[in-house]
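**Q** Each chain, letter by letter, is given below.
2 protein chains.
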Amino acid sequence: MKKQEALARLHAIDRDLKHLSQVTAILQWDQETYMPPAAVEGRSEQLALLEGIIHEKATSPEIGNLLEEVGSTTANPRGDADLPDIERDFLRVFRKQYDRAVLLPADLVTESARAEGLSQAAWVEARKHNDYKTFMPHLEKMIGYAKKKAECWGFTEHPYDGLLDIHEPGMTEGAIDSVFGPLRTRLSHLVQRIGSKKAPRSDFLAREYPKELQAQFGESVMKDLAYDLSQGRLDISAHPFTTTLGPRDVRITTRYFPTNMLSGLFSIIHETGHALYEMGFADEIRDSSLGDGASMGIHESQSRLWENVVGRSRAFWKGQFPLLRQLFPTQLADVSVDDFYAAVNRVQPSLIRVDADEVTYSLHVILRFELERRLFSGALSVAELPEAWNGMIQEILGVKPDSDANGVLQDVHWSMGAFGYFPSYALGNLYGLQFWDKLKVDIPEAESFIEQRNYGPILQWLRTQVHNHGCRYEPADLVLKITGKPLSAEPFIKYLEQKYGQLYSL
Amino acid sequence: MKKQEALARLHAIDRDLKHLSQVTAILQWDQETYMPPAAVEGRSEQLALLEGIIHEKATSPEIGNLLEEVGSTTANPRGDADLPDIERDFLRVFRKQYDRAVLLPADLVTESARAEGLSQAAWVEARKHNDYKTFMPHLEKMIGYAKKKAECWGFTEHPYDGLLDIHEPGMTEGAIDSVFGPLRTRLSHLVQRIGSKKAPRSDFLAREYPKELQAQFGESVMKDLAYDLSQGRLDISAHPFTTTLGPRDVRITTRYFPTNMLSGLFSIIHETGHALYEMGFADEIRDSSLGDGASMGIHESQSRLWENVVGRSRAFWKGQFPLLRQLFPTQLADVSVDDFYAAVNRVQPSLIRVDADEVTYSLHVILRFELERRLFSGALSVAELPEAWNGMIQEILGVKPDSDANGVLQDVHWSMGAFGYFPSYALGNLYGLQFWDKLKVDIPEAESFIEQRNYGPILQWLRTQVHNHGCRYEPADLVLKITGKPLSAEPFIKYLEQKYGQLYSL
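Chains R and L, in that order, give the protein sequences. So the first sequence is numbered by the numbering used here: it starts at 139 and just counts up by one. So the second sequence is numbered by the numbering used here: it starts at 139 and just counts up by one.
One or more of the hints may lead you astray.
Each pair may be met inside one copy or between any two copies, as identical chains are not told apart.
[As the list claims (entries may be wrong)] Dumping the calculated DMTMM-like pairs for lysine to aspartate or glutamate here, alpha-carbon to alpha-carbon at most 25 Å:
id, residue 1, residue 2
1, 279, 612
2, 195, 245
3, 195, 154
4, 361, 170
5, 578, 245
6, 195, 249
7, 456, 493
8, 195, 183
9, 623, 269
10, 578, 628
11, 361, 179
12, 576, 493
13, 266, 303
14, 279, 218
15, 623, 143
16, 632, 430
17, 632, 540
18, 538, 425
19, 623, 542
20, 266, 366
I should point out that these hints are in silico values taken from the structure, not numbers from a laboratory.
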């Protein structure tokens with residue numbers, strides 16, 4: 139077989155696998171948004187069946203032969219040196235997926251997918267009834283499956299490293315620890331200084347904001363940010379998420395609370411950031427494995443950049459506040475744009491990660507990282523987890539959960555078996571501010587564009603620098619390519635110190 | 139291999155195939171309800187891929203070997219005589235599916251599935267813009283694929299018979315012609331007699347009925363009819379339909395027109411009838427090929443029985459009208475229950491099949507049957523179709539379409555390649571009234587139950603007599619088993635003559 143034929147066949151297999159994973163995403167999207175409750179068991183069976191089919195296709199010996207044909211091996215994944223760069227990037231990504239897939243036995247894939255469906259349903263119920271005990275056996279199982287998978291893939295230090303690498307290629311527990319250590323120290327110091335100052339007023343945020351009007355404003359912001367509703371939609375789910383259901387089908391969800399209007403809105407901006415990334419892959423890679431985020435952390439850099447760096451800036455609210463006040467004239471009658479900007483950035487150690495402010499947010503992530511690595515080293519059991527959670531959140535943030543629903547049960551991730559995922563959220567903050575510093579060099583007028591609700595130049599820059607490439611570059615290479623520097627926490631810390639120094643007159 | 143093991147393996151394959159067809163149904167449901175418009179091409183690719191996977195599994199040589207193991211052949215599909223009855227029924231159905239699948243080449247299955255997605259999208263646009271020409275090439279293709287499939291399966295007279303058998307096992311063009319001939323004569327006579335009488339007032343039906351309130355009443359009726367919302371939902375789509383997405387997930391759709399309140403409501407009742415059938419399969423067959431309607435006509439007997447025989451009866455409106463008037467006090471201020479009952483049953487030859495009254499409805503079906511058989515015999519071309527439609531509807535019903543959108547483009551079926559399907563709608567009327575005559579013998583108080591909005595005894599009778607069995611019996615056998623008589627148009631015609639004789643004082 140000629141090399142070109144082998145490559146074409148690999149691309150065809152890759153496309154089929156991508157389409158099957160989109161089919162899975164459709165079933166999951168439906169499960170989280172519209173599916174009737176009694177359908178949950180049947181849906182688990184369907185998802186398990188699909189996982190099995192995907193695993194069978196992804197581990198077909200044909201792929202091994204084809205990869206060999208183009209010179210791609212585990213040691214030299216990019217294949218023959220005479221291939222075009224884009225094909226070599228594709229082979230690197232595809233080879234890694236293949237190696238990862240062939241090491242997992244089919245029955246482990248099928249079983250864990252079935253368990254995941256049941257676990258998610260149990261989590262929804264447990265959270266609703268604040269009943270950690272009913273979720274415990276599911277969590278136990280999900281950790282068990284994750285450990286088994288990490289063992290199949292192999293790892294150097296301990297199983298947790300094997301899981302981190304899925305979400306953040308090349309990352310290890312040790313490497314994270316060396317960034318999170320100083321981050322924790324500097325953030326704690328900043329939180330303490332802020333805590334000694336008078337908090338800005340935020341009473342008006344808890345007034346009654348009807349859900350329909352919140353939705354209207356959220357959709358207007360989505361459109362301003364150039365989220366294309368002809369290839370996506372906004373729905374309601376228990377936990378906001380972004381999902382890609384097809385090459386031109388990237389959907390987001392949010393949830394609204396009548397007396398907490400910021401939660402629904404910032405979830406929309408956050409998920410819009412993810413969606414813009416997925417919508418922005420170059421056409422030539424959109425329908426291939428290269429049409430994917432470079433890592434979870436890079437993905438999070440996009441969502442958090444739009445949510446915080448843009449969405450919580452003074453310039454953003456100078457542009458949007460007049461529109462918001464038109465929708466809520468009574469609720470915001472006694473509020474100035476500066477009041478609103480200060481309230482949106484109020485720092486307040488709290489229980490819920492997704493509602494946390496920019497300064498304490500990364501501390502929530504560090505908490506989860508600490509617990510996860512103990513769960514996986516065996517130093518902590520599932521039964522001890524709620525107590526460990528409650529103890530550590532008091533230590534780090536000085537708050538005490540009133541219930542497991544607002545504590546250990548608050549996130550969807552563990553119910554899905556997504557361990558080693560949380561660190562990416564904080565890494566996203568770091569990547570994001572490195573990108574932002576470079577963007578401000580290239581677009582010095584960025585702030586005034588934001589003030590005019592003209593977000594196009596920023597999106598255009600991100601499209602060219604980040605989105606278009608998909609996962610052609612690994613995170614470390616991408617950061618170096620864009621900024622000329624390696625990963626660092628400094629830009630993020632400096633940004634926070636400057637912004638909050640001003641807001642709180644430190 | 140032991141016979142029991144072969145049977146167990148056949149059931150496992152059957153379940154996987156059923157689950158995969160449910161996955162397809164999920165993708166189609168999403169496409170009709172919530173999918174963003176730009177996603178249509180990607181969705182076609184996904185559906186085509188799934189069709190290919192299903193076809194590959196459904197035609198695996200393993201199945202042929204397993205069927206042989208249990209003595210099931212094309213000539214003796216029910217297999218070895220010592221197997222339990224339910225297993226022999228299963229083998230009959232499964233063997234027929236297998237024989238049908240192995241005769242289709244995989245590339246025909248994949249291609250036609252892809253074309254179907256594009257065709258449906260083109261139909262939606264063509265109907266919206268009243269532009270038959272843009273739909274024509276798609277219709278041409280869908281007919282081509284249907285002919286190719288019929289040729290693969292083989293047929294005795296002409297390709298149309300091969301398509302009829304899919305929807306109504308054992309039915310032929312000749313057999314339908316011999317029932318539709320007299321039906322057309324008797325109905326035409328009835329329509330003429332009614333036409334000479336004064337029409338009841340129906341002005342109030344065209345008043346403004348807000349969609350939200352229509353939805354509220356429709357949902358209340360669904361619940362009264364015991365549609366279980368924990369295993370289903372109601373959504374909006376261009377064309378109402380029922381679809382089964384899982385063993386406990388049967389969804390329906392409708393659409394609302396503010397000045398035509400009957401359309402949305404009777405679509406709900408109709409689709410609820412389909413859904414109650416699907417929800418009513420016995421647990422032991424629910425997750426197997428036996429958990430399916432006995433035929434499209436039997437399915438239609440359920441929907442049309444609830445819609446017309448129950449939903450358009452005087453007793454039904456005696457029970458429901460007070461609730462309807464509570465929701466629409468202004469619109470119905472000058473309307474009595476008898477006015478409403480008469481208006482709901484107003485006979486008026488019209489353009490749109492789904493809005494047709496009980497008397498003219500079957501004539502719409504006969505029109506489509508006549509056109510379909512000519513399209514498939516080659517006597518009529520796709521280019522000539524609109525003219526043939528317009529001519530024949532004038533001949534049969536005396537009305538002239540104002541546009542193709544309200545004429546040849548009104549139904550979704552042809553865009554999906556569902557030829558030979560329409561006759562089942564009229565057969566459903568015939569089956570339904572045969573069942574109803576027997577039900578009234580078994581439950582003489584049926585009418586007073588309906589008046590009290592106590593539909594449980596009727597549902598219970600249908601569950602026991604029809605729903606529980608799924609497709610264990612072929613339609614002809616089922617009719618004989620339940621009523622003791624073969625298929626006949628007499629009960630339906632008598633029912634109409636009596637009901638409308640009274641309504642129009644004939």
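**Q** Are there hints from earlier that the structure breaks, and if so, what are their numbers?
**A** As far as the earlier hints go, 1, 5, 9, 12, 13, 14, 15, 16, 17, 18, 19 are violated by this structure, in ascending order.
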